[in-house]
Amino acid sequence: GAVVSQHPSWVICKSGTSVKIECRSLDFQATTMFWYRQFPKQSLMLMATSNEGSKATYEQGVEKDKFLINHASLTLSTLTVTSAHPEDSSFYICSARDAARQGASSYEQYFGPGTRLTVT
Amino acid sequence: AQKVTQAQTEISVVEKEDVTLDCVYETRDTTYYLFWYKQPPSGELVFLIRRNSFDEQNEISGRYSWNFQKSTSSFNFTITASQVVDSAVYFCALSEDTGRRALTFGSGTRLQVQP
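Chains A and B supply the protein sequences, listed in that same order.
Take the first sequence: its letters are residues 1 to 120, numbered as in this note's numbering.
Take the second sequence: its letters are residues 1 to 115, numbered as in this note's numbering.
Bound-form chain B, shown alone (with noise of 0.2 Å):
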């Protein structure tokens, strides 16, 4: 069975600072997908990464970037320089490798940046 464990389940900074959203994930596919979305309080989803099993490369995206780590099954988001707008609960998640290919989401961490 697939899991998805967000520990952080709710951290709060002060505008400016960096933070980093930590995700661990078990699955027994060799070849999955792992997500990242951000629900602001609208509730709306909205997409933010997709990762491939077989990429390890890091990922920059102006102010977010997210360290894929397959030895420690790990997919961790850093959002630097932060700001009020991020505010939001993240979710990160796996998607199975055969048939439906359902997402399973973590817990979520809720981050409030603070002005």
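This is chain A alone, in the form it adopts within the complex (with noise of 0.2 Å):
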């Protein structure tokens, strides 16, 4: 159980243009998923928090204008980078935490396989 998918795994775009990324809980539901951003031989860093029904919240020096979350569902959330730029490549991993849990077990999260996006 507790399954997070992606996709696409992996993504190669032209600068300037946007690109999708989805992040699905398969077999729970999850109010809030949270995406982070990995660069090469570096550790995981928080973009944004996505709650469902709601504002993404997002993390100091993210442009939420950039990378727009959409949490539509409570098994979907969605990561647009807009107008990409080669700096924009990266690893992008999403988490999300089930719903139905309770006590110590709520604090897990579980992670998605990762995009990882190429802007050439």
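It is worth saying that the hints were derived from the structure and are not from the lab.
This one's a predicted model, so the numbers in the text were calculated from it and none came from an experiment.
Quick reminder that beta carbons are idealized off the backbone N, C-alpha and C, glycines included.
Treat the hints with care, since some could be wrong.
[To be verified] Label-pair ranges, simulated between beta-carbon atoms:
1) B/57 to A/101: 19 to 29 Å
2) A/65 to B/1: 21 to 31 Å
3) B/63 to A/83: 45 to 55 Å
4) A/15 to B/80: 41 to 51 Å
5) B/67 to A/102: 48 to 58 Å
6) A/17 to B/43: 19 to 29 Å
[To be verified] Straight-line C-alpha distance at most 25 Å; calculated SDA-like pairs for lysine to any residue:
7) A/55 to A/88
8) A/14 to A/118
9) B/70 to A/14
10) B/3 to A/14
11) B/3 to B/81
12) A/20 to B/44
13) A/20 to B/41
14) B/3 to A/20
15) A/14 to A/103
16) A/14 to B/43
17) B/3 to B/52
18) A/41 to B/74
[Unchecked claim] Which residues of chain B face chain A? A partial, calculated answer using Cβ under 8 Å:
19) 25
20) 43
21) 105
Take each chain as given, in its own frame, and dock them per the hints.
Given below as structure tokens:
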């Protein structure tokens, strides 16, 4: 159980175009999903917290107009990188919390396999 | 603000050696959770352990063991009799108690196990 999928697993796009990444919780409902970015040989940095039915919360320094997040259902959050540039090339990872869990296990985040974005 | 420090950037050992990965954290919360994740070359994070701030018992799972010391704000991870398949980047992370319960990750330790 507790599987999170991401699509696509990798994508190459041209500079100036937009690309959408999907994050789905397959066997549980997630009121909260998180989006992380990981540059090569670096740690995961939280970009934003995606809340079902409301606006995402962005971390300091993350441009909300560039990284559009939509969490329209309890099982799907999308990240759209608008007008992508080579510096946006990175590994994007989403995670989700199971809304049904309580107590200690409610702190658990289930991670997707990641999406490798290359902007040429 | 929360912070997780993994001072060891890279460790190289020979198979069958024991290795300890260090993790030191900072938080003002009295209730918090600590995690260890493994990230193999494929990139997908593998959950290893979750520990809450009130449980200081050490944990052992096969060749893996964890030592949580609240007095020194450390949560160290030991692999006994390392194997080549243990080669990966290991991340320590801290979850805040309130609100979003977002994870703050350490910078990671790259472990190379040589045959």
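The hints, checked one at a time:
Range check, residue 57 of chain B to residue 101 of chain A: about 22 Å between beta-carbon atoms, so the 19 to 29 Å window is met. Restraint check, residue 65 of chain A to residue 1 of chain B: a C-beta distance of roughly 26 Å satisfies the suggested window 21 to 31 Å. Between residue 63 of chain B and residue 83 of chain A the CB atoms are about 47 Å apart, so this pair conforms to the stated range of 45 to 55 Å. Taking the beta carbon of each, residue 15 of chain A and residue 80 of chain B are about 48 Å apart, inside 41 to 51 Å as hinted.
Taken as a hint, the range 48 to 58 Å is violated for the pair residue 67 of chain B and residue 102 of chain A, whose Cβ atoms sit roughly 28 Å apart. Range check, residue 17 of chain A to residue 43 of chain B: Cβ separation about 23 Å, and the 19 to 29 Å hint holds. At most 25 Å may separate the alpha-carbon atoms for a hinted pair to count; residue 55 of chain A and residue 88 of chain A meet this at roughly 22 Å. Among the hinted pairs, residue 14 of chain A with residue 118 of chain A is consistent with the structure: their alpha-carbon atoms are about 8 Å apart, no more than 25 Å.
This hinted pair does not check out: residue 70 of chain B and residue 14 of chain A have alpha carbons roughly 49 Å apart, beyond 25 Å. Distance restraint check for residue 3 of chain B and residue 14 of chain A: the Cα-Cα separation of roughly 36 Å exceeds the 25 Å cut-off, and the hinted pair is therefore not satisfied. Between the alpha carbons of residue 3 of chain B and residue 81 of chain B the distance comes to roughly 30 Å, so the proposed pair goes past 25 Å and is violated. Distance check on the hinted pair: residue 20 of chain A and residue 44 of chain B sit about 19 Å apart at the alpha-carbon level, within 25 Å; holds.
For the suggested pair residue 20 of chain A and residue 41 of chain B, the alpha carbons sit about 24 Å apart, so the restraint of at most 25 Å is met. At roughly 31 Å between alpha-carbon atoms, residue 3 of chain B and residue 20 of chain A are farther apart than 25 Å, so this suggested pair is violated. As the CA atoms of residue 14 of chain A and residue 103 of chain A are separated by approximately 45 Å, the hinted pair breaks the 25 Å bound. For the hint pairing residue 14 of chain A with residue 43 of chain B, the CA-to-CA distance comes to about 23 Å; that is within 25 Å, so the pair holds.
Proximity of residue 3 of chain B to residue 52 of chain B is assessed by CA-CA distance (about 16 Å); at most 25 Å being required, the pair is judged to hold. For the hint linking residue 41 of chain A to residue 74 of chain B, the alpha-carbon distance of about 23 Å falls within 25 Å, and the restraint holds. For residue 25 of chain B, the shortest C-beta to C-beta distance to chain A is roughly 14 Å, which exceeds 8 Å, and the interface hint is violated. The closest approach between the C-beta of residue 43 of chain B and any C-beta of chain A is roughly 5 Å, which is under the 8 Å cut-off, so the hint is satisfied.
The beta carbon of residue 105 of chain B is positioned within 8 Å of a beta carbon in chain A (closest approach about 5 Å), and the interface hint is therefore held.
Going down the numbered hints, you'll see the structure goes against 5, 9, 10, 11, 14, 15 and 19, while the others check out.
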